[in-house]
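J.: Here is what each chain is made of, one letter per residue.
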Amino acid sequence: MKFAIMINEGPYTHQATDSAYLFARAALAKGHEVTRVFFYHDGVNNATRLTVPPADDRHIVNRWSELAKAHDLDLVVCIAAAQRRGLMDENEAKRQGKDANNIAPGFRISGLGQLVEAGIQSDRLVVFGD
Amino acid sequence: MLHIINKSPFENNSLLSCLRVASAAKGHAILFIEDGVYGVMQGTAVEKSVRDAMANMAVYALNPDLEARGVQGRVMDGVKLVDYDGFVDLVAEHDNVQSWL
Amino acid sequence: MSEEMDMDEGGTVKKFMFVNRKAPYGTIYALEGLEVVLISAAFDQDVSLAFLDDGVYELVKGQNTKAVEMKNFSSTYRALEGYDIEKLYVERESLEARGLSEGDLLVDVQILSAAEMGEMMAAQDVVISF
Chain F
1 MKFAIMINEG
11 PYTHQATDSA
21 YLFARAALAK
31 GHEVTRVFFY
41 HDGVNNATRL
51 TVPPADDRHI
61 VNRWSELAKA
71 HDLDLVVCIA
81 AAQRRGLMDE
91 NEAKRQGKDA
101 NNIAPGFRIS
111 GLGQLVEAGI
121 QSDRLVVFGD
Chain H
1001 MLHIINKSPF
1011 ENNSLLSCLR
1021 VASAAKGHAI
1031 LFIEDGVYGV
1041 MQGTAVEKSV
1051 RDAMANMAVY
1061 ALNPDLEARG
1071 VQGRVMDGVK
1081 LVDYDGFVDL
1091 VAEHDNVQSW
1101 L
Chain G
2001 MSEEMDMDEG
2011 GTVKKFMFVN
2021 RKAPYGTIYA
2031 LEGLEVVLIS
2041 AAFDQDVSLA
2051 FLDDGVYELV
2061 KGQNTKAVEM
2071 KNFSSTYRAL
2081 EGYDIEKLYV
2091 ERESLEARGL
2101 SEGDLLVDVQ
2111 ILSAAEMGEM
2121 MAAQDVVISF
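Protein chains in written order, with the numbering used here: chain F, 1 to 130; chain H, 1001 to 1101; chain G, 2001 to 2130.
Pulled out of the complex, with its shape left as it was, chain F reads as follows (with noise of 0.2 Å):
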């Protein structure tokens, strides 16, 4: 089956996005597919690679990439909201005129149609927030 995860907060603050991983990790290991993850809201803070939390903790945002890169997981993160909360990727701070961008690896931003899209393309849409 088809699944596609909507994260509306960011990491660490709630849990919504630990649950969206495992619950993606847990699909991902019975054979179904995760045809994307679309960070919206605060969720986009997802995706900024650099986060550095506490060695003894869990790296939420390179477990996204890890987990992206052994599965070849589609993660997208929505464009007006990362322009709201300061995260760009190279090209957008090209654009924008800024002298860093913060997206880690297995992220890429783009439009808010890729949620609608993914709503559409998949048989299943779960959301995790707040």
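No incorrect hints appear here.
The calculated lysine-lysine pairs, modelled on DSBU-like cross-linking and capped at a C-alpha distance of 30 Å, are:
1) H:K1080 / H:K1026
2) G:K2071 / F:K94
3) G:K2061 / G:K2015
4) F:K69 / F:K30
5) F:K2 / F:K69
6) H:K1080 / F:K30
7) H:K1080 / H:K1048
8) G:K2087 / G:K2014
9) F:K2 / H:K1026
10) H:K1048 / H:K1026
11) F:K69 / F:K94
12) F:K98 / G:K2071
13) H:K1026 / G:K2015
14) G:K2087 / G:K2015
15) F:K69 / F:K98
16) G:K2061 / G:K2087
17) G:K2014 / F:K2
18) F:K2 / F:K30
19) G:K2014 / H:K1026
20) H:K1080 / F:K2
21) G:K2015 / F:K30
22) G:K2087 / G:K2071
23) G:K2087 / H:K1026
24) G:K2061 / G:K2071
25) F:K30 / H:K1026
26) F:K30 / G:K2014
27) G:K2015 / F:K2
28) G:K2087 / F:K2
Interface residues of chain H toward chain F, partial, derived using beta-carbon atoms under 10 Å:
29) N1006
30) I1033
31) D1083
32) D1085
33) F1087
34) V1088
35) H1094
36) N1096
37) Q1098
38) S1099
Hints listed in this document are in silico derivations from the structure and should not be mistaken for laboratory results. In this text, a Cβ means the ideal position worked out from N, Cα and C, and glycines have one as well.
Following the hints, put chains H and G in place on chain F, whose structure we already have.
T.: Chains H and G only, in chain F's frame:
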């Protein structure tokens, strides 16, 4: 339809709203995750509401979230415990899913 | 908006419901939720909006955000009709609990009982909540 509750019923009205909307009809199920798991404890102010809803609805709780909070021994009878694999199965088994954020 | 969209979905039409349960301004969920709704219009899907709990406050007449210096997006609900989004469902119990009635709302809606709302939700393919 699978309804997902992730809020404590003592902090937020999502459980009671979900029950109001979904418990009248057959075919709805609820899964309690995250702080939502406090909604399936014995002896709480919402126990009767959840028990009444069980007449029509299957009720599940995510065991890893119960264990994390130290409340796995306080779950009401009739609540089925699932792990993340079971969570995936529940989503697959129901035609659609709604998170009561 | 700077969204890129792929509107060719092979003619698939799914029933999308956007569930609004949060009040405007105190958090961003209502505003960013509306942004998804507007994008969804481009995909020719069967879109509806549900308003329950504090989400009914999104539709209250007379919002004036001048002094809080935030964007007043309430008129967007009236513009949805122009995007062929005409199914706005409001749960009666949520309205009544807040001392509101249909006349307090800034747009034409269909009032549903809690049980009717449950049936409407169960009939959807994709339910997105914020």
